[in-house]
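Asks: One-letter residues, chain by chain:
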Amino acid sequence: MTLADYLPIAVMLVLAAGFVAVSLIASRFFRPDRPTPEKLDPYECGIVPEVEPSQRFPVKFYLVAMLFVIFDVEIIFLFAWGAIWTELGWFGVAAVAIFTFFVLETLAYVWKRGALDWNVKRRARYIQPDVQEAA
Amino acid sequence: MTWEIDYLALAPELVIVVTLLVVLALDLFLTRPNKYWTATAAVAGTALAAIPLVILAVEGENVSMFEGSYVVDEFALVLKGLFVVSAYLVLLLSHHYIESERFYQGEYYFLLLASVLGSLVMASARDLIILFIGLELTTGPLFLLAGWRKGDAKSNEASVKYFILGVLSTAILLWGMSMLYGLTGEITFAGLATATAGLADEPAMIVAVLFVIVGFAFKISAAPFHFWAPDTYEGAPTPVTAYLSVNSKAAGFVAFLLVMYLALPELSEIWAPALWILAAASMTLGNLSALRQSNIVRLLAYSSIAQAGFMLVPFAAAAVAGTNIEEGFSATVIYLVIYALMNVGAFATVIAGANRTATGDIDGWAGLGKIDARLGVLIGIFFFSLAGIPPLAGWFAKFAMFRAVILAGGTATVVLAVIAAVNAVIALYYYARVIKAVWLDDAPAEVPARAETPPSVSLRLALLISAALTIVIGFFPAIATFVGDASRIIAAGG
Numbered sequence: 001m002t003l004a005d006y007l008p009i010a011v012m013l014v015l016a017a018g019f020v021a022v023s024l025i026a027s028r029f030f031r032p033d034r035p036t037p038e039k040l041d042p043y044e045c046g047i048v049p050e051v052e053p054s055q056r057f058p059v060k061f062y063l064v065a066m067l068f069v070i071f072d073v074e075i076i077f078l079f080a081w082g083a084i085w086t087e088l089g090w091f092g093v094a095a096v097a098i099f100t101f102f103v104l105e106t107l108a109y110v111w112k113r114g115a116l117d118w119n120v121k122r123r124a125r126y127i128q129p130d131v132q133e134a135a
Numbered sequence: 001m002t003w004e005i006d007y008l009a010l011a012p013e014l015v016i017v018v019t020l021l022v023v024l025a026l027d028l029f030l031t032r033p034n035k036y037w038t039a040t041a042a043v044a045g046t047a048l049a050a051i052p053l054v055i056l057a058v059e060g061e062n063v064s065m066f067e068g069s070y071v072v073d074e075f076a077l078v079l080k081g082l083f084v085v086s087a088y089l090v091l092l093l094s095h096h097y098i099e100s101e102r103f104y105q106g107e108y109y110f111l112l113l114a115s116v117l118g119s120l121v122m123a124s125a126r127d128l129i130i131l132f133i134g135l136e137l138t139t140g141p142l143f144l145l146a147g148w149r150k151g152d153a154k155s156n157e158a159s160v161k162y163f164i165l166g167v168l169s170t171a172i173l174l175w176g177m178s179m180l181y182g183l184t185g186e187i188t189f190a191g192l193a194t195a196t197a198g199l200a201d202e203p204a205m206i207v208a209v210l211f212v213i214v215g216f217a218f219k220i221s222a223a224p225f226h227f228w229a230p231d232t233y234e235g236a237p238t239p240v241t242a243y244l245s246v247n248s249k250a251a252g253f254v255a256f257l258l259v260m261y262l263a264l265p266e267l268s269e270i271w272a273p274a275l276w277i278l279a280a281a282s283m284t285l286g287n288l289s290a291l292r293q294s295n296i297v298r299l300l301a302y303s304s305i306a307q308a309g310f311m312l313v314p315f316a317a318a319a320v321a322g323t324n325i326e327e328g329f330s331a332t333v334i335y336l337v338i339y340a341l342m343n344v345g346a347f348a349t350v351i352a353g354a355n356r357t358a359t360g361d362i363d364g365w366a367g368l369g370k371i372d373a374r375l376g377v378l379i380g381i382f383f384f385s386l387a388g389i390p391p392l393a394g395w396f397a398k399f400a401m402f403r404a405v406i407l408a409g410g411t412a413t414v415v416l417a418v419i420a421a422v423n424a425v426i427a428l429y430y431y432a433r434v435i436k437a438v439w440l441d442d443a444p445a446e447v448p449a450r451a452e453t454p455p456s457v458s459l460r461l462a463l464l465i466s467a468a469l470t471i472v473i474g475f476f477p478a479i480a481t482f483v484g485d486a487s488r489i490i491a492a493g494g
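Protein chains in written order, with the numbering used here: chain A, 1 to 135; chain B, 1 to 494.
Bear in mind the hints are in silico, worked out from the structure with no lab data behind them. A portion of the hints provided could be inaccurate.
Unchecked claim - Here are the computed lysine-lysine pairs in the DSSO-like style, where the Cα-Cα straight-line distance is at most 30 Å: (1) B/K154 - B/K35; (2) A/K112 - B/K150; (3) B/K154 - A/K60; (4) A/K60 - B/K161; (5) B/K35 - A/K60; (6) B/K150 - B/K35.
What the hints assert, rightly or not - Non-contacting residues of chain A with respect to chain B, defined by C-beta distances greater than 12 Å in every case (computed): (7) D5; (8) A16; (9) V20; (10) A21; (11) S27; (12) T36; (13) P37; (14) K60; (15) Y62; (16) L67; (17) L78; (18) G82; (19) A108.
Said to hold, decoys possible - FRET-style restraints, in silico, Cβ to Cβ: (20) B/A200 - A/K112: 54 to 60 Å; (21) B/A153 - A/V11: 48 to 54 Å; (22) B/K150 - A/I84: 41 to 47 Å.
Quick caveat: nothing in here was measured; it's all calculated off a predicted structure. Built from N, CA and C at the ideal position, the CB exists for glycine as well.
The following block holds chain B by itself, in its conformation from the complex:
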């Protein structure tokens, strides 16, 4: 046994651990008017966690620890960077919201940071147990955070629905994992990859793989396992919803991709068709349901289901065709990174817009652009980007997706590409509807009074950062390509 621990490679996680302990201690000793220091500590700690990430990225060495179970490679670094940046943005969104609604503050940041820690662990996990611990650490605190508006029935509903379905999906996932272990005697991805060779016809193996897929599909809210998402997203406090639809979804995706790509490449004939169906169903059901939504948060919930479908497309297509899997994998990672950045921005505009109009109804936002032009422009940026309109970042995500599909080739792949293309057009309709309400519709006769509190500095900062990233990546897709290329350097460990 070796006890070699590279503390620099673990530094991002360690910084988050120390931060959450500090937040907990601060919460204990601060009086109520000074509680904002917990938020400050959380934001500062998350920003600090980015420093070792940059150092590690510059050094560019692959570190493998704990007998190959925990690996820090460029793929892990790219995704840890994504988790840290989006957690930073969500913390900025939370600050004002949590303070203004008089919630418990210290615990909020403690739980959110615990969830971030889980997602960081997951990006490095190269065996089933560490992956599972990371996944549970990511989702566990979110059950509580979804119900943070304690007096609100919808928030309680959100929490209970998320909890019950989360536990159910965990049970199914764990069942699948235990069968994988039972059939092969391996828990590391590298070990599984060799031990599963030639077992694709085994009935028990098919069941195991399908269980694992179903478990992950719940976590990433892919259709037909998406029913919890709209209700949970609507009821949870908006910053938590942003976190759910960005960090927690990205974390689920990372785990999903890692298991399929690294642990079960030999069984792609089992999981590739399942992924194809998940991708097609998520895109279609998500988009068609989004058409009928009148609430902006529910609209974004269905949009995030549909986007999960788009994200799966390149990987599923390449796996079905059996060619250029690496290309499909990196296109999925590119889509994931871009989606996360623009979706945080979209939720930031939702918080600002709801603050300004005191409603979450899209019709209630009519004429918002004329009342508050800056906010209107930002809504335009993020929603057009989600729709994939150049020159905003979203177009490159879609471009990378279709490029990977075309490279993969094959009939089933082309069918999936057609479904994706049709869905991209449907998606444009409902994203554009929000922008139409904001800019083209007339404001109601009674212009809502100026909001009591102007958007806080932290909310403005979050909007600025995500808007800047969305625009810059749109004009210089080389940044995203770099992310995609870096993610190919993925070490199996072991």
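With the rest of the complex left out, here is chain A:
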């Protein structure tokens, strides 16, 4: 590989940027421009937002999103197994069973610790007050 071999990549970068620029500018000239209040809303359907969303979010959203991502990503292993499970046979079944056990143990852990409780007051029961004060 020499640097010249990277030329197609450079050309593609230019083409991609050019395509975006050209289509944006072209549509500016050709499209009809009739704004209505509904069109300018952040969401056209659903509940009308009453306050600016710039306030702080409760941290529990973060926790749930994090847990979702973790458990969601773990499913990827099952896809890989599902694609060749006939080749793997009982070995694969056993391996996936062990893997599922790991996932279930962490799920049980998260559950018992109260991380899935949306009501924070209920969750507080699981966290010993003296631990929170640890310095």
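Add chain B to chain A, keeping to what the hints say.
Replies: The following block gives chain B in isolation, referenced to the frame of chain A:
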């Protein structure tokens, strides 16, 4: 495809996996007064993991699995042994500390064991992906553990600094690895070693190798990529600092050496000068900064940066000279093993000393030897050993280092040896300063009251084991030579 799995060869890893699952389950069902069982389970599991290691070492067979990506040879066994022993010692240090400060306990041991598992995987990894997974498994839990003192601003700072720089270095490392793969189409070390032949002049290859080096240099906190280390070491709970400066550093070193020695031997003209610079800069910057430290943990942080430089010296020198690379490699492994054992001991004395004097200031330790003679003697043993004074283990590490450098020969090598020699003298000054404070300085007029809790049994055990190893290796360097010789039996896999 083959599904042949040698479960005995994987047994150390499997034991750690089972242990960490047990710890997690125990933490879930135990009430607070009984949480110490999680610590007991963690310590017992780590000790159990040593049994299959011994069996494998006695059998002495090289096992290669997963199409050569995962190899258990004597090199892997030596380093797994080191990881298990030092993890055992760190767990002993943690027990009392974590319990007394009222931390979350179960998660602590779970995360620490996960990190140990990562380092075990890394010692056997013979392709870039498994190596990377091992490295991430080693460092990932440590981001959390560094911030374990949740209410403490310094601990939060430690965690955030370590996290941001850790992620940055991972990104750079991964970038370098992806370029290596892109240029050669290989991920196994054996494949890379053949595919990279003759590519040393390729500009993209130079960038790839340098990125990989920079990524690893962050992990082993070699100058000039060391800035996170002192702050992280100071803020993290002391047992975690011991783990960071011993296990996690050793794991980074193993990965670094494996990639350079096994995967990229053909490109040594690219990485050898870079390693030379890293070694010289780490020794000099680490030692000069350590001179000005007043806090014992920060002093050990800079000392560990400097020691990383010393560790790189034999390998870098041999690679620059292009001769006796095997000799340099084994000298680096010897240094790594000895450093790990004596540094765990040094941190054990720091925990005991801070417990006794209620301060981490070196000046606050004045006269400690007169108050608590046993602790004073132990501080003397570990700090003199770090300085390389015979008959403690540290001298043999330095001896092996200089021997490898002399065997390598060449001008650049001799210059590096001179830098190392000057630095060894500088290092003696600040290690000796701690010992001077402990033994020669007068105790403050108000002798601090006897600590509320005497050092726990587990802390005493950790001190005893590491002191015994430090002294025994010092008198019988044949043990370390054996480690060095064993580490030469390294299978490329593939």
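Asks: Confirm or reject the statement that A/A21 sits farther than 12 Å, beta carbon to beta carbon, from all of chain B.
Replies: 29 Å, holds
Asks: Please verify whether B/K154 and B/K35 have alpha carbons no more than 30 Å apart.
Replies: At roughly 27 Å apart (the allowed maximum being 30 Å), B/K35 and B/K154 satisfy the hint.
Asks: Tell me if the straight-line CA distance from B/K154 to A/K60 falls inside 30 Å.
Replies: Since the Cα atoms of B/K154 and A/K60 sit roughly 25 Å apart, the hinted pair holds (cutoff 30 Å).
Asks: Does the claim that A/S27 lies off the interface hold, with its Cβ farther than 12 Å from every Cβ of chain B?
Replies: Consistent with the label, A/S27 stays out of reach of chain B, its closest Cβ about 36 Å off (over 12 Å).
Asks: Checking one constraint from the list: CA of B/K150 to CA of B/K35, max 30 Å. Satisfied?
Replies: Holds, because 19 Å separates the two Cα atoms, which is no more than 30 Å.
Asks: Could you tell me whether the CB distance from B/A200 to A/K112 stays inside 54 to 60 Å?
Replies: 56 Å, holds
Asks: Beyond 12 Å on every Cβ pair: is that true for A/K60 relative to chain B?
Replies: 18 Å, holds
Asks: The output says A/D5 does not contact chain B. Does that hold with a beta carbon cutoff of 12 Å?
Replies: At roughly 10 Å from the nearest Cβ of chain B, A/D5 sits no farther out than 12 Å, so the non-interface label is violated.
Asks: Does A/A108 sit more than 12 Å from chain B, CB to CB?
Replies: Given that some Cβ of chain B is not farther than 12 Å from that of A/A108, nearest at about 7 Å, it is violated.
Asks: Does the claim that A/Y62 lies off the interface hold, with its Cβ farther than 12 Å from every Cβ of chain B?
Replies: It holds; A/Y62 is separated from chain B by about 15 Å at its closest Cβ, greater than 12 Å.
Asks: The output says A/L78 does not contact chain B. Does that hold with a beta carbon cutoff of 12 Å?
Replies: 18 Å, holds
Asks: Within a Cα-Cα threshold of 30 Å, do B/K35 and A/K60 meet the stated pairing?
Replies: Distance of about 27 Å is within 30 Å: holds.
Going through the hint list in order, the structure does not satisfy hints 7, 19.
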